[in-house]
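Top to bottom, those sequences are chains P and D.
Taking the working numbering, the leading residue of the first sequence gets 84, the next gets one more, and so forth.
Taking the working numbering, the leading residue of the second sequence gets 5, the next gets one more, and so forth.
Note that these hints are calculated values from the structure, not bench results.
Given the structure is predicted, the values throughout are model-derived calculations rather than measurements.
Glycine is no exception: its CB is placed at the ideal position from the N, C-alpha and C atoms.
A couple of the hints might just be wrong.
[Claimed, not checked] To spell it out: a stretch of chain P is covered by chain D in this simulated footprint if at least three of its residues, at any positions, have a beta carbon under 8 Å from a beta carbon of chain D; those stretches are:
{"#": "1", "segment": "102-109"}
{"#": "2", "segment": "114-127"}
{"#": "3", "segment": "154-165"}
{"#": "4", "segment": "233-246"}
{"#": "5", "segment": "277-291"}
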Amino acid sequence: MKYWAFNDKYLSEDHHSLELSSRRKVGVNREDRVVFFHRGHKDFVFTSHANVSNVMLEEVGDPGYIFHATISEYEEFELERYLEDFVYSLKKIYRYNRPYMHFIRPYVRLPMNDYYALIDAKIYWARTAFGLFINQLPQDHLIQFIRGLAVSDPDTVLNRTGFAGAWNKLKEFISDEYITAAQVFSSIKSQIYQLNESLESKIEFSQIGFLSDAEDDVSDLIALQESSLTRFKELVITEEVNLLDDVSKRTEYDIQSFEWIFRGTIWPILTIEY
Amino acid sequence: MAYSDDRILIKHTRESAKTLGIAASWVKSRQPIDLEKDFVFELYILFELIKDLSKYYHIIYCPGSDNKKNMFPKKPALKTGRPKFEIYDKSTNKLLWQICPGIKITDIVSKERAPDISFQSHNASDSPTYEDVELIWDAKYRKNNKDRITQPELSEFGRWIDLLDIKNEIKPNMLLSTFKKMNANCLITNGNKSTEPDSERIRLDLKEVSSFFPNVKFKVAP
């Protein structure tokens, strides 16, 4: 049995058949499973699924073949699945920035686990959280993170232990580096506001920054950094919620098969897109 | 967990991650933020000090001039044009000290040392030497706040105290409140102190200040 993702434009209006012309033989067979996708203006969604009943492949001159299949048990998802939610849950995807590029063709073969992840709307939380954050680290910090782990947890770097461990380490790193930095920067802001109440010559918080003596150095303003770090901190930690902890709780629901299938794979780090 | 709930959390996570991407590097220079290498922790210490001094003294912030105006050093820097604080006696209005962050000072072997914070005498020029220095503080930021000040760091600071000719000199007559115990040459960290005994700290004429961080109670040894 094989699993496929089909562009829903090849689905008949009555949802009983599939038809498309192709230069090559279409390898879809009876009893295969299909999930349908729709490329909208803004969103790429998976809308429905069905089983393949009968298959007919007609050889024609141009373009080559006409594929026709009857489908059964067509069912629309109660909630459309957004591809952007599954970027780090599908083994097929390695273009994490432009996942829709994996679905350019009229139809695409899916690994079984990918198919069921979409059918059941199962997210691989550990790899998703890990992937989303690691791809936002500046290069230097990424190297720092890897270097630190290589010493303390080489198995995590090699992904021998699954992504739950990797996410925990990254979560720690994010707290230690950025949440801490946010605290120091916003302390400086309050210090200055406090000082200005007694200082004769006020310190302009918006003007202070760092600059070296080097001729070609670029100055950096503290206020700008304080603002973006505080915004980050406030998104992650509110009075009721700690986002990073919430995500960690969800990783407990990651199904076993995710850890099994992705074990030993390289980290989902963005490669350079040409 | 329902997919609709998942979707909300993923969106929130994606947004937080994007915000991190922006916050993790300095806006203009695009250098990654690094509390260890950047002067940020040092600046926090400086402003805590000024806050304390402002209880007893009249303080003027001198922002500096030209392209260095309001620009604190990232690395050891020359004094000219750099921001500093002038400490005045409240009643006599006499200038008592200059507090300078990250400034190069020429030592007794004619080499430059740049303690993170130097307490310079009222008439210290723009090219300060060891004769102008009365006290120094230096900061050591630890990524892991359980980590200690190392032996080499302690030794180096001791060497600077020697080279700037302030070892066992009479300390400036500064009135301090929260930092009363820090009227000394201090090695300041958010982490832990070194494993050396107090007798060695006294011998080197320095103090170690540990757990120095916002909302944390710091400790001074000895």
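Results of checking the hints against the structure:
1. Evaluation of the coverage hint for the segment 102-109 of chain P: breached, as 0 residues show C-beta separations to chain D shorter than 8 Å, against a requirement of three.
2. Counting residues of the segment 114-127 of chain P whose beta-carbon sits less than 8 Å from any beta-carbon of chain D gives 0, not enough to reach three: the coverage restraint is violated.
3. Three residues within the 8 Å Cβ limit are the bar, and the segment 154-165 of chain P against chain D gives 3, so the coverage statement holds.
4. Judged by the Cβ-Cβ criterion of 8 Å, the segment 233-246 of chain P is not covered by chain D as claimed, because only 0 of its residues qualify and three are needed.
5. As drawn, the segment 277-291 of chain P meets chain D at 11 residues by the rule of a beta-carbon pair under 8 Å; at three or more, the given contact holds.
Hints 1, 2, 4 from the list above are not met by this structure, while the remaining hints are.
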